[in-house]
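Chemist: Take a look at the letters that make up each chain.
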Amino acid sequence: MSRIESISTTLQTLRGNRLRSFLTLLSIAIGVFSIIAVMTALGALQNSIEGGLSALGTNTFQVQKYPHNQGGGPGWHARLRNRPDITYAQGLAVVERTQGARYIGLEAWTFGYEVTWRNVRTNPDIAIAGETPDGLPTNQWEIDLGRSLSQSDLDLTRRVVILGADLVRLLFPPSYNPIGETVSLAGTRYKIIGTLKPEGAMFGSRDRHFVIPITTFFEKFGKNRSIHIMVQAESRENFQAVQDQVIGVLRAVRKDRPGEENSFAMFSNESLIREFNEMTATVRLGTMAIAAVALLAAGIGIMNIMLVSVTERTREIGVRKAVGATRRSVIAQFLSEAVVISVLGGLIGILLGLLAGNILAVALEIDPVIELTWIATGIAACCLVGIIFGTYPAWKAANLDPIDALRYE
Amino acid sequence: MALIHIKDVVKTYDMGAELVHALSGVTIDIQANEYVAIMGPSGSGKSTLMNVIGCLDTPTSGLYEFGGENVGDLDDNQLAEIRNRKIGFVFQTFNLLPRSTALHNVELPLIYAGVPSHERRERAEKALTDVGLGDRMLHKPNELSGGQRQRVAVARALVNNPSIILADEPTGNLDSRTGVEIMQLFSELHAQGNTLILVTHEEEIAEHAHRILRLFDGKVASDEVVANPLTYASQM
Ligand SMILES: Nc1ncnc2c1ncn2[C@@H]1O[C@H](COP(=O)(O)OP(=O)(O)OP(=O)(O)O)[C@@H](O)[C@H]1O
Ligand SMILES: [Mg+2]
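Residue numbers (the working numbering), protein chains in the order written: chain R, 1 to 409; chain E, 1001 to 1236.
Same shape as in the complex, but just chain R:
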């Protein structure tokens, strides 16, 4: 019997047993759904994090007070709470004493301000970055119009600002040149000296930055805060050496005692991605385990249904054998039924899973993804489940004695 034949026979049988086929399909669909939904959501998250991370350029690492993912294990906060802030002075010490770095940027952040230009007013969700001139390249911010920050802007605590691309779009009419205009923020007027090129989006658009000289920032928002130090090494080769120097300088100026761990955290793109992958690996593994259990349950469901089907269709099997079906063709028929059920169920699960995973992604404002590998894996898993759990029923059907089968009531 040809393969096409056996599949069309299969579909016919499945149509004949709609409710039962549907229930079996459902069990498989749920199993696959859980894998695909979680994997899609994680994939979208990972894409966005990797995309967003490129904000920190190559060969660049960042120093800040607390670990990025706050993943210091249980009680990390209690342990780290008493860490002293990383001060501007300590940052300047790093700038002075580190060799082999291309850029060392210092920055401080505060969030949630509104910006106005004439009668245009933004939502109070603008992020203010106080930066040194090197802070722009280490953040991978590129000047679009106008100029960057200069040392004299810092020295003279000038009230000048560089606007993120989105902020420009929010405040000004299209193709309006904002250079030289004045905007207000928290009661202070700033002159626009430059704008930034658009950045990649992570968790929605991030380029609503309001970038001012770090000294101006301290004057307006207070100096009593911890800064970030961003260091870009000259090359991959001296990355480690530069990192070691920065650690040495910081430990010295922060008076970390020998043998104690660093009183600050450090990370690079690579380390962030690694951390994220470590975290999601656990989730992925957990999902795989759950999915495996779900598929196992679905497989047992399929086996059960197929066994019922074999019993119910004993006479049919007898008839088929009487008119010339070989063992092989009976096995092929029942196996393909099992595989068709499980793959159909799998496809439904994949569709729903993609839908759910991407709805989640859209809800989190990250770019949706379609993870082809997981779709392929899902379909392969379904085929496998169909074959594994369909084999015994098919074998049982093929080995029925035709006379007994024909006589079966």
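No lab work stands behind these hints: they were computed from the structure.
Small disclaimer: the values here were computed from a predicted structure and weren't measured.
Misleading hints may appear alongside valid ones.
Claimed, not checked - When the alpha-carbon atoms are kept at most 35 Å apart in a straight line, the in silico DSBU-like pairs for lysine-lysine are as follows:
1) 65/R with 220/R
2) 223/R with 191/R
3) 1140/E with 1007/E
4) 197/R with 1086/E
5) 223/R with 197/R
6) 1086/E with 1126/E
7) 396/R with 1086/E
8) 191/R with 65/R
9) 396/R with 1140/E
Chain R is already provided as a structure; the job is to place chain E with the ligands on it using the hints.
Modeler: Below, chain E with the ligands without anything else, positioned relative to chain R:
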């Protein structure tokens, strides 16, 4: 040479406590284009003999040659092939696939024979038309009368141009009028050159055949030629 050569065939069922001898030494020859009726009391081994002849079952001992070939030497797949190409079965209970159309039921043997689909369809349609069901091809068994169902079964038995048609009480589930219709169909098939073996309880049905074999306790009790068989024509 006989189409069917059966010599000292024994079929024993081991029921644990006792051995049931369904056939205890049967010897018969059947030629091509014969029309044989097998009769005998219930339990005398008629169905068992039919199953052996139809290669659905293998004898415990004895020799069975079909078309010169020793069936005892054949493996499972070869037996399936013989059933597929050389034998057409008609059962008392029709044994159609309940969820398939008449057409698909008739196509079934051709599917296993690997006949391509357009040819399959043509041949199945012709077989159905030949048994007078040209207008019922897309009906499912539960949309057909008993007589029509049995005609579908006959069409299925015929569709592969078998060497022999085996019918085990084909009229057993039909009222007498419909039974007569089926017997007319068999007479026609015989007239066209087919070989038929028929199991029946009813003398009247058996009278259609040209030879009557009577079984008793798994043995051939008598084997006689019917002097004046009922024919299709004589029924009219
Ligand atoms: N699968 C089996 N297992 C055990 N005994 C069987 C089996 N098939 C048939 N028999 C026995 O073999 C004997 C012959 O059975 P068979 O079915 O050939 O009779 P039959 O002549 O067709 O009877 P009926 O007219 O009632 O159909 C019976 O005694 C029956 O009980
Ligand atoms: Mg019988």
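Chemist: Hint by hint, which ones does the structure fall short of?
Modeler: Hint check: 3, 4 fail, others pass.
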